Amino acid sequence: MKRVLWISRHQMTAEQRSDLERVIGEAVELHPWTETVEDLADLRPEVERADAVAAVLPVELLAELVRLAGKRPVFQTAAVRTPTGRFHTLPDGRREPEFAFAHGGWQQILRLELEVKHLSKKS
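Numbering of the sequence shown is given in my numbering, commencing with residue 1 and proceeding in unit increments.
I should point out that these hints are in silico values taken from the structure, not numbers from a laboratory. Source: prediction; values computed, not measured. Just so it is clear, CB atoms sit at the ideal spot from N, CA and C, and this is done for glycine as well. Heads up, a few of these hints could be off.
[Unchecked claim] Distance condition first, Cα-Cα at most 20 Å in a straight line; then the derived EDC-like pairs of lysine to aspartate or glutamate:
| no. | residue 1 | residue 2 |
| --- | --- | --- |
| 1 | Lys2 | Glu48 |
| 2 | Lys71 | Glu26 |
| 3 | Lys71 | Glu46 |
| 4 | Lys117 | Glu38 |
| 5 | Lys117 | Glu64 |
| 6 | Lys2 | Glu21 |
| 7 | Lys71 | Glu15 |
| 8 | Lys2 | Asp39 |
| 9 | Lys2 | Glu29 |
| 10 | Lys71 | Glu113 |
| 11 | Lys2 | Glu15 |
| 12 | Lys2 | Asp19 |
| 13 | Lys2 | Asp51 |
| 14 | Lys71 | Asp51 |
| 15 | Lys117 | Asp39 |
| 16 | Lys117 | Glu60 |
| 17 | Lys71 | Glu48 |
| 18 | Lys2 | Glu46 |
| 19 | Lys71 | Glu29 |
[What the hints assert, rightly or not] Computed spacing ranges between beta-carbons, pair by pair:
| no. | residue 1 | residue 2 | range |
| --- | --- | --- | --- |
| 20 | Glu60 | Gly104 | 36 to 44 Å |
| 21 | Asp51 | Thr89 | 24 to 32 Å |
| 22 | Asp42 | Arg3 | 15 to 23 Å |
| 23 | Arg22 | Leu114 | 26 to 34 Å |
| 24 | His118 | Gly70 | 25 to 33 Å |
| 25 | Thr34 | Ala102 | 15 to 23 Å |
| 26 | Glu26 | His118 | 36 to 44 Å |
| 27 | Gly105 | Val59 | 13 to 21 Å |
My request is simple: use the sequences and hints to build the entire structure.
Printed below as a string of structure tokens:
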């Protein structure tokens, strides 16, 4: 059984878990981290205890996580958006289509480099 750190505010669905077990090749023991991630250093002990990491994070945190994970595989779920045929009315009166999200598979992040320049907002 592989120990997988699951970083997400949401519980992993049965479909996601079953597919992750297929990808990893054996049963998984999930260790969820549901708190907002602001500093990946807080996760270091959990990452070090894991055999693999599955995460839903912004790209800048994913890039940092891949470095922190070292040789441990890092996975992210890929969602499929399907229109439901229904519409939502926004507070300003505009209407937008509703979409249902379903598990579309897992992606292993092999390499992720990101360099950003923060642009200050004018006051």
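Practice problem: Find the hints from earlier in the document that the structure breaks and name them by number, from lowest to highest. | Solution: 7, 8, 20 and 21
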